[in-house]
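Asker: The chain contents come next:
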Amino acid sequence: MTAHAHAAHLETSTGLDNRKVAIWTFIGSECMFFATLISNYLVNKGKSLVGPFPHEPWTSPAGQHFEPIFEIPLVTLGTALLLFSSLFVVLALSGAQRGSRKALIGWLGATIACGVFFAGMQVYEFTHFVHRGLGFTTNLFGSSFYTLTGFHGTHVAIGVLWLATLWVDALRGKLPPAKSLNLEMAALYWHFVDVVWIIIFPVVYLIQ
Amino acid sequence: MATRVLDQPHAHAAAHGEKTGLWSWITTVDHKRIGVLYGATAFIFFLMGGIEALLLRIQLGSPENTFLSPDLYNQLFTMHGTTMIFLAVMPLSAMFFNYLIPLQIGARDVAFPRLNAFSYWVFLLGGLFLNASFLFGAAPDQGWFGYANLTSKQYSPGLNVDFWMLGLQILGIASLAAAVNFFVTIVNMRAPGMTLMRMPMFVWMSLITQVLLLLAFPVITVALILLMYDRFFGSAFFVPSGGGDPLLWQHLFWIFGHPEVYILILPAFGIVSEVLPVFSRKPLFGYAAMVFSGVFIAFLGFGVWSHHMFSTGMGPLADTFFALTTMLIAIPTGVKIFNWIGTMWGGSLQYRTPMLFAIGFIAMFIIGGLSGVMHSSPPADLQQTDTYFVVAHFHYVLFGGSIFGLTAGAYYWWPKMFGRMLNERLGQLHFWLMLIGFNLTFFPMHFVGLHGMPRRVYTYPEGLGFDLMNQIETAGSFVLALAFLVFLVNIFQTWRKPRNAPADPWNGATLEWAIPSPPPEFNFAEIPTVHGRDALWEQKRQRGGPLPEPARVSGAGIHMPNPSYWPLVTAVGILAFFVTLMMLAKIGIWAVIASFALLLLGVYKWAYEPAG
Ligand SMILES: [Cu+2]
Numbered sequence: 001m002t003a004h005a006h007a008a009h010l011e012t013s014t015g016l017d018n019r020k021v022a023i024w025t026f027i028g029s030e031c032m033f034f035a036t037l038i039s040n041y042l043v044n045k046g047k048s049l050v051g052p053f054p055h056e057p058w059t060s061p062a063g064q065h066f067e068p069i070f071e072i073p074l075v076t077l078g079t080a081l082l083l084f085s086s087l088f089v090v091l092a093l094s095g096a097q098r099g100s101r102k103a104l105i106g107w108l109g110a111t112i113a114c115g116v117f118f119a120g121m122q123v124y125e126f127t128h129f130v131h132r133g134l135g136f137t138t139n140l141f142g143s144s145f146y147t148l149t150g151f152h153g154t155h156v157a158i159g160v161l162w163l164a165t166l167w168v169d170a171l172r173g174k175l176p177p178a179k180s181l182n183l184e185m186a187a188l189y190w191h192f193v194d195v196v197w198i199i200i201f202p203v204v205y206l207i208q
Numbered sequence: 209m210a211t212r213v214l215d216q217p218h219a220h221a222a223a224h225g226e227k228t229g230l231w232s233w234i235t236t237v238d239h240k241r242i243g244v245l246y247g248a249t250a251f252i253f254f255l256m257g258g259i260e261a262l263l264l265r266i267q268l269g270s271p272e273n274t275f276l277s278p279d280l281y282n283q284l285f286t287m288h289g290t291t292m293i294f295l296a297v298m299p300l301s302a303m304f305f306n307y308l309i310p311l312q313i314g315a316r317d318v319a320f321p322r323l324n325a326f327s328y329w330v331f332l333l334g335g336l337f338l339n340a341s342f343l344f345g346a347a348p349d350q351g352w353f354g355y356a357n358l359t360s361k362q363y364s365p366g367l368n369v370d371f372w373m374l375g376l377q378i379l380g381i382a383s384l385a386a387a388v389n390f391f392v393t394i395v396n397m398r399a400p401g402m403t404l405m406r407m408p409m410f411v412w413m414s415l416i417t418q419v420l421l422l423l424a425f426p427v428i429t430v431a432l433i434l435l436m437y438d439r440f441f442g443s444a445f446f447v448p449s450g451g452g453d454p455l456l457w458q459h460l461f462w463i464f465g466h467p468e469v470y471i472l473i474l475p476a477f478g479i480v481s482e483v484l485p486v487f488s489r490k491p492l493f494g495y496a497a498m499v500f501s502g503v504f505i506a507f508l509g510f511g512v513w514s515h516h517m518f519s520t521g522m523g524p525l526a527d528t529f530f531a532l533t534t535m536l537i538a539i540p541t542g543v544k545i546f547n548w549i550g551t552m553w554g555g556s557l558q559y560r561t562p563m564l565f566a567i568g569f570i571a572m573f574i575i576g577g578l579s580g581v582m583h584s585s586p587p588a589d590l591q592q593t594d595t596y597f598v599v600a601h602f603h604y605v606l607f608g609g610s611i612f613g614l615t616a617g618a619y620y621w622w623p624k625m626f627g628r629m630l631n632e633r634l635g636q637l638h639f640w641l642m643l644i645g646f647n648l649t650f651f652p653m654h655f656v657g658l659h660g661m662p663r664r665v666y667t668y669p670e671g672l673g674f675d676l677m678n679q680i681e682t683a684g685s686f687v688l689a690l691a692f693l694v695f696l697v698n699i700f701q702t703w704r705k706p707r708n709a710p711a712d713p714w715n716g717a718t719l720e721w722a723i724p725s726p727p728p729e730f731n732f733a734e735i736p737t738v739h740g741r742d743a744l745w746e747q748k749r750q751r752g753g754p755l756p757e758p759a760r761v762s763g764a765g766i767h768m769p770n771p772s773y774w775p776l777v778t779a780v781g782i783l784a785f786f787v788t789l790m791m792l793a794k795i796g797i798w799a800v801i802a803s804f805a806l807l808l809l810g811v812y813k814w815a816y817e818p819a820g
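Here the protein sequences come in this chain order: D and R. First residue of the first sequence? That's 1 in this note's numbering, and the numbers climb one at a time after it. First residue of the second sequence? That's 209 in this note's numbering, and the numbers climb one at a time after it.
Simulated from the structure, these hints should not be mistaken for laboratory data. Do not rely on the hints blindly, as some may be mistaken.
[Unchecked claim] Derived BS3-like pairs (lysine-lysine); straight-line CA-CA distance at most 30 Å:
hint, chain 1, residue 1, chain 2, residue 2
1, R, 813, D, 20
2, R, 361, D, 47
3, R, 748, R, 490
4, R, 361, R, 794
5, R, 813, D, 174
6, D, 179, D, 102
7, R, 361, D, 45
8, D, 179, R, 813
9, D, 174, D, 20
10, R, 813, D, 102
11, R, 813, R, 227
12, R, 227, R, 705
13, D, 102, D, 20
14, D, 174, D, 102
15, D, 179, D, 20
[Said to hold, decoys possible] Just so you have them, the derived chain R footprint on chain D, three or more residues with Cβ under 8 Å:
hint, region
16, 12-25
17, 42-50
18, 133-144
Note that CB positions come from ideal geometry on N, CA and C, so glycine has one too.
Sequences and hints are given; from them, build the entire structure.
Answerer: Here it is in structure tokens:
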């Protein structure tokens with residue numbers, strides 16, 4: 001659509017498609033969004049008045065015992081899958097650009113599956129944490145943890161929806177090489193969501 | 209619709225501009241029409257904010273006045289500040305971005321015309337949402353800065369703060385969408401030959417403003433989200449009893465808030481930098497210095513936020529750092545002022561209305577800049593903070609700066625936008641009334657402020673030495689109101705005149721003056737090629753005289769984007785989402801989900817609609 005309008009009129013000043021510049025611009029802005037959320041998590045770190053805590057056990061004044069909240073293995077698996085999904089979406093894009101429908105549909109499907117697993121992992125993690133005594137308002141750790149990872153999870157969910165929409169397009173044969181930019185934009189966004197998680201994972205889960 | 213008109217082989221001269229009727233405005237994606245919508249809407253909000261200010265001034269006109277109740281006073285000063293910043297100055301700047309950026313860079317529209325319409329609708333609905341609070345008797349009353357704990361559920365149980373925090377969130381969406389759009393437009397859609405260092409200064413300042421918007425608004429977005437969680441769901445980010453820190457709000461707010469003041473002033477810098485050369489008949493002095501001082505101001509603007517927080521006791525190290533960075537900003541700002549004066553120096557000055565406002569801008573902004581440097585020093589600031597001295601300062605930069613600059617732009621580009629010249633005599637009257645009224649209103653505030661009169665308090669006792677000054681200020685505010693009444697009269701008189709303004713009434717330097725007034729829908733029949741700075745003066749120089757009046761051509765065959773109503777639907781979805789969120793407890797989660805579905809519907813229909 002935009003590409004067509006440009007072909008008819010003029011080259012862009014940078015030679016890049018408008019939509020590509022736009023998604024980069026948007027990602028630049030999103031960096032500040034997540035920088036603020038991560039700062040908020042760090043500022044509130046260690047300031048919780050009551051437990052449960054992320055890395056240490058806690059016994060309430062009433063004598064109830066709480067284990068450390070984080071369970072690293074599951075979230076490490078989610079992290080790994082999210083990282084692999086970045087590779088898969090590159091392969092899907094390559095398929096889209098080459099016009100290889102099989103590669104496009106296969107790899108895009110794998111990307112979406114990883115995204116769905118990650119989102120599911122987070123839903124499981126959240127319910128599990130709530131069961132173990134960490135509600136959204138239990139303490140500052142709970143509030144800032146759920147806010148930060150929740151907004152990242154929302155970004156993952158939006159990414160999955162976006163990629164799934166393109167997957168349906170691809171199934172209906174509506175994602176030809178000429179339109180591969182549609183997928184490239186979603187892929188750039190998906191990489192960004194991954195990169196943010198690569199920062200969140202050590203900052204929140206690993207550093208004590 | 210556009211294509212149908214375009215496809216007619218005999219589409220006559222003005223065919224592109226002749227689409228009329230409400231529907232054509234609702235579905236428009238033309239940057240010029242959206243610019244006019246922004247301008248008209250923002251001007252109405254500006255008048256509302258002005259009326260709020262007059263009510264405040266009546267209350268303060270005499271000691272221990274009972275014209276306004278303390279509670280209503282709080283609502284009015286909060287809405288005055290919020291309105292003037294988010295609903296008047298920012299969207300008035302957006303009017304100029306919309307109308308002028310494509311014209312000045314030689315483009316047919318912005319990069320994303322439908323996104324542009326979306327920004328406008330979200331802005332309009334956000335502004336209406338914010339002002340709807342008056343209907344519930346619950347206008348925001350905690351100040352435009354919304355400091356914790358004033359905003360906590362405990363101290364503000366009503367809807368007032370909810371309207372404010374959700375209203376700003378909606379307006380932020382509009383600003384961010386517009387910022388992406390204009391950034392891409394300037395970066396990517398310049399006419400051949402228009403290198404970055406050949407761009408008109410207004411385009412440069414607009415570009416810097418978009419970067420500030422992109423980087424500063426996400427911070428307030430997060431701050432407002434945290435506040436929303438505190439109020440709606442009971443978290444304690446800003447609540448000390450839960451371990452939270454009210455000062456975190458101040459930090460987040462001012463990390464946004466200080467760049468925000470440059471978001472408010474840089475467009476006016478750009479406008480004045482266009483007006484001064486044209487009415488001095490010589491190019492802008494020190495173009496490169498102007499560009500880099502603008503970039504430097506924006507960069508430093510992210511490192512000074514805590515000068516709003518000297519009185520919170522941050523300690524000597526932080527105080528020193530933020531005092532020094534703040535003082536440092538005076539240098540690039542001074543560079544700009546000297547360059548403007550250098551532009552006028554030795555020029556053949558023509559004192560037409562836009563020029564008067566531009567000169568008034570320089571003079572008033574210098575006063576505001578000087579008082580700003582005064583409270584960059586923490587010990588001085590401790591005396592001035594929360595007094596009328598600060599009120600005087602920021603009105604000198606925001607009214608004396610931004611509003612004077614925007615008014616200069618309004619007079620300068622009016623003939624281009626509407627094809628009619630505003631009356632010069634009424635324009636001059638407007639200027640002098642505004643200059644006198646403005647100084648009568650705000651200059652005495654320096655004195656009462658240093659005498660200790662606190663801001664944001666609805667009255668003062670008799671005999672503290674505030675009485676006479678406050679009377680003068682109130683009288684001055686009515687002179688200001690009269691100035692804008694003259695402007696309104698001018699607008700209505702001009703409206704009845706024939707549309708006969710020439711394409712280039714001021715002997716302009718930039719590309720917008722090369723095309724008819726008002727421009728056809730497609731702007732340029734042929735995309736211009738640019739050979740230097742001041743592209744149009746360059747063309748005139750090569751020709752050895754004025755250019756002939758451009759003919760109105762049909763533009764048949766020029767491919768323009770289709771109109772669309774999905775941006776509006778999406779904007780309504782966003783408004784519905786926030787309204788239902790606010791009433792979550794009353795109407796339940798399904799209403800929120802339904803609004804979200806409407807939002808998604810808008811997005812999908814938009815994405816799959818052929819753009820043109
Ligand atoms: Cu500041």
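Asker: Determine for every hint whether it applies to the structure shown.
Answerer: Quick rundown of the hints versus the structure:
Using a Cα cut-off of 30 Å, the hinted pair residue 813/R and residue 20/D holds, with the two alpha carbons roughly 21 Å apart. Our distance criterion of 30 Å between C-alpha atoms is met by residue 361/R and residue 47/D, whose separation comes to about 21 Å. For the suggested pair residue 748/R and residue 490/R, the alpha carbons sit about 14 Å apart, so the restraint of at most 30 Å is met. Among the hinted pairs, residue 361/R with residue 794/R is consistent with the structure: their alpha-carbon atoms are about 17 Å apart, no more than 30 Å.
Pair hint residue 813/R plus residue 174/D holds up; C-alpha atoms about 16 Å apart against a cutoff of 30 Å. Proximity of residue 179/D to residue 102/D is assessed by CA-CA distance (about 16 Å); at most 30 Å being required, the pair is judged to hold. Of the supplied pair hints, the one linking residue 361/R and residue 45/D holds, its CA atoms being roughly 24 Å apart against a limit of 30 Å. Note on residue 179/D and residue 813/R: the hinted pairing holds, with a Cα-Cα distance of about 18 Å set against a maximum of 30 Å.
Pair hint residue 174/D plus residue 20/D holds up; C-alpha atoms about 20 Å apart against a cutoff of 30 Å. With a C-alpha separation of about 28 Å, the suggested pairing of residue 813/R with residue 102/D holds against the 30 Å cut-off. Restraint check for residue 813/R and residue 227/R: the C-alpha separation of about 24 Å stays at or below 30 Å, so the hint holds. With a C-alpha separation of about 21 Å, the suggested pairing of residue 227/R with residue 705/R holds against the 30 Å cut-off.
With a CA separation close to 25 Å, the supplied pair residue 102/D and residue 20/D stays within the 30 Å bound. Restraint check for residue 174/D and residue 102/D: satisfied, since their Cα atoms lie roughly 14 Å apart, inside the 30 Å limit. For a cut-off of 30 Å, the pair hint linking residue 179/D to residue 20/D stands: about 13 Å separates their Cα positions. Remark: the region 12-25 of chain D is confirmed as covered by chain R, as 8 of its residues place a Cβ nearer than 8 Å to a Cβ of that chain, reaching the required three.
Against chain R, the region 42-50 of chain D contributes 5 residues with a C-beta closer than 8 Å to a partner C-beta. That satisfies the three-residue criterion, and the hint holds. Check on the region 133-144 of chain D: 6 of its residues sit with their Cβ under 8 Å from a Cβ of chain R, so the three-residue criterion for coverage holds.
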